[in-house]
Amino acid sequence: MIAFRIGAPLLAGGLFLASPVWAADSWTTVPSDSALTFQGSQMGADFTGHFQSFSSDILFSPDDLPGSKVDVTIDMMSATTGSADRDAQIPQGPWFAAEDHPTAHFVTTAIAPGADGGYLAQAELTIREVTKPVEIPFTVAIDGAKAVADGSLTIDRVDYHVGLGEWESGDAVGRDVTITFHIEATK
Amino acid sequence: MARLSDTQTAFGAVTKLAHWLTALTVFGMIGLGLYMADLPLGAAKLELYGLHKSIGVVVLVVTLARFGWRSRQPGPGALPSHVAWEHLLAKATHLALYACLIGLPLTGWIASSAAGFPVSVFGLFTLPNLVGPDPSLQKGAAAIHSWMAWAMMGLIGLHILGALKHHVVDKDETLRRMAPHGAKSASPFL
Chain L
1 MIAFRIGAPL LAGGLFLASP VWAADSWTTV PSDSALTFQG SQMGADFTGH FQSFSSDILF
61 SPDDLPGSKV DVTIDMMSAT TGSADRDAQI PQGPWFAAED HPTAHFVTTA IAPGADGGYL
121 AQAELTIREV TKPVEIPFTV AIDGAKAVAD GSLTIDRVDY HVGLGEWESG DAVGRDVTIT
181 FHIEATK
Chain F
1001 MARLSDTQTA FGAVTKLAHW LTALTVFGMI GLGLYMADLP LGAAKLELYG LHKSIGVVVL
1061 VVTLARFGWR SRQPGPGALP SHVAWEHLLA KATHLALYAC LIGLPLTGWI ASSAAGFPVS
1121 VFGLFTLPNL VGPDPSLQKG AAAIHSWMAW AMMGLIGLHI LGALKHHVVD KDETLRRMAP
1181 HGAKSASPFL
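So the sequence lines, in the order shown, correspond to chains L and F.
FYI, this note's numbering numbers position 53 of the first sequence as 53, with every residue one higher than the one before it.
With the second sequence counted from 1, adding 1000 to any position gets you this note's numbering.
By construction, these hints were calculated from the structure, which means they are not laboratory data.
Remember, it's a predicted structure, so these values are computed and weren't measured experimentally.
Treat the hints loosely; a few may be bogus.
Said to hold, decoys possible - On the chain F side, residues computed to face chain L include the following (Cβ under 8 Å):
id	residue
1	1040
2	1042
3	1046
4	1050
5	1116
6	1117
7	1123
8	1128
9	1136
Yeah, the Cβ is synthetic: ideal placement off N, Cα and C, and Gly gets one too.
Looking at chain F on its own, in the form it has when it is part of the complex (with noise of 0.2 Å):
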């Protein structure tokens, strides 16, 4: 039986599955996102606006109750093999993402709004609109939105960096111990 909370020694189940849920949507978001943005115009590229809008409102309200999730809980600390440059690095590199992870889905939504598209979330319901039409702000909330997914890659590229050095060069848990069946002190039945 998997344990669901995470513990002073181990992730469980919650945070270990939203956080390669979430892994998967930004991959999947970020090719859609580039794709997207390159199509002529035309009854597909609105589709798959749309279709990036609803990902975006879902991956938005999922990383919020992520905080809420992980605020309750005390969580892993650092490894004795972390030395405190790393732990630090590796805080704001989270930070960051998190960050990315709000941010993104705000500037699309706020883009979206100045740009005069409520954004309707998979046709089930509409998102009110966050601002009115506006088309300098529609410029500038889609070039943060830009910018921020490029940061988000680099981001992310730091973070794979990190979790191989540690698994790999270190050959300590950190990687294990967000895998599925991972860390070496986790149940056997997991």
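One chain only, chain L, in its complex shape (with noise of 0.2 Å):
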């Protein structure tokens, strides 16, 4: 008696909390309308290269932020720089080698409140054969069903095997590569 007195609400009560009620977010993409860039030098002139394909798997409310995570796929045979030469190079061994590395990979593994209203994500982001732990800031715009997201981060191409060798010093092609993105998405 006792047991159902006390097993019910708590029952009920583990079921309420089970409840996709305060679970996180799924949005899905709106790729017309979402970019992944990043900006290089070459020569001391800059460049923008776009990904022309990623997907992305997003869970994601400001209510729950622990249950919220981010994880990117990126085809790195997809990118353009506005230069056919370069384009041609990019994917080819000393930089992407995409044969041997299709794709690159972003997911987070925390977020938290940052600065401004904004969040602040600790992820992992895996270039080639290297991963490693990154700090990314980023904002939200939650409109009813329909979000933007906006952020950027700066990384030392050479931390990821990208352009070594020759190409190590960052004389002829720096090596500080700003990655941003803007995702539109629905939910």
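Using the supplied hints, reconstruct the complex from the two chains, each of which is provided in its own coordinate frame.
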């Protein structure tokens, strides 16, 4: 009897907690309105590359940051940089080695509130054979069923073995690469 | 004290310096251009192309400055030993050389822009792209650039032959008046 009196509310409470009401929302990106770009420099002149093909699994709710997670897979054969010569080189061995590493991967391990109403994600970034922890600040604006997220992160490409050997000094091709994302999604 | 400006009988120090520096630079750029074009793709090729483009911008600016400088002075005219057709040929050759000094940097700039590689000048600043990415325009501009470089080599050959003809055969002032301490009429202090 007592068990029933305690058990039922407990069970109800447990079911309530397990219900979708408090889980992070699942978002579907709108590829035509989303962009993943990288900015590098060559002989002192900047260039911007676009990854034309990438997919993301996004779970995000401002009220459930522990349950939020962003998982992006990037097609490393899909980069265009405004130069046919450069586009032909980028997938090759010294750079993306896209034949051996067709995708790059970004997955968050923790998302916390950041500065100015934004967020800070701890994540693992995998490019080629290297996985490294990264930290990326980003903003999310949610309007009903639509969300817009923006963020950027600067890496040293040499950390990920992109452009070693004759390219390692950074004189001909700069080492700092800024990766910027703009994701529009619906739930 | 070297006289800076040109007069009706002599070239000044500025004109002479511009002439010889440009000549040296052009020889260097032709050599660099031929060498770098044959390199396999790699960091060295990128760096030499960058150097070639940077120097090219300097040549363009200096040549435009030369126009400004020369336009404000009379400059020495034809010598008594210059026959009419020689005078005409010399003028045409000089004009064509100037056209190359402007045309080569411009076609290079266009080709680089069309290739999607903005021209960075010694890493200090970047020129705006003259055109957007355009593979066929890049090929066309690069082809004209090459052709013009070969034409310029021919013009330089003609230019040197002319100078030597006047110096060795006519034994006149033509070469001497462009030389650093050349002309007989030059001040002993030059």
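For each hint, the structure was consulted:
1. Hint status for residue 1040 (chain F) relative to chain L: violated, with the closest Cβ pair at about 11 Å, above 8 Å.
2. Interface restraint check: residue 1042 (chain F) against chain L, minimum CB-CB distance 6 Å, threshold 8 Å, status holds.
3. With a cut of 8 Å, the hint placing residue 1046 (chain F) at the interface with chain L holds, because the nearest CB-to-CB distance is about 4 Å.
4. The beta carbon of residue 1050 (chain F) comes within 4 Å of a beta carbon in chain L, closer than 8 Å, and the hint placing it at the interface holds.
5. About 3 Å separates the beta-carbon of residue 1116 (chain F) from the nearest beta-carbon of chain L, less than 8 Å, and the hint is met.
6. The restraint placing residue 1117 (chain F) at the interface with chain L holds, with a minimum CB-CB distance near 6 Å, inside the 8 Å limit.
7. Among the interface hints, the one on residue 1123 (chain F) holds; its C-beta lies about 3 Å from the nearest C-beta in chain L, closer than the 8 Å criterion.
8. A distance limit of 8 Å between C-beta atoms decides the matter here; for residue 1128 (chain F) the minimum to chain L is near 11 Å, and the interface restraint is violated.
9. The beta carbon of residue 1136 (chain F) is not positioned within 8 Å of any beta carbon in chain L (closest approach about 11 Å), and the interface hint is therefore violated.
Violation of the numbered hints given earlier is confined to hints 1, 8 and 9; the remaining hints are satisfied by the structure.
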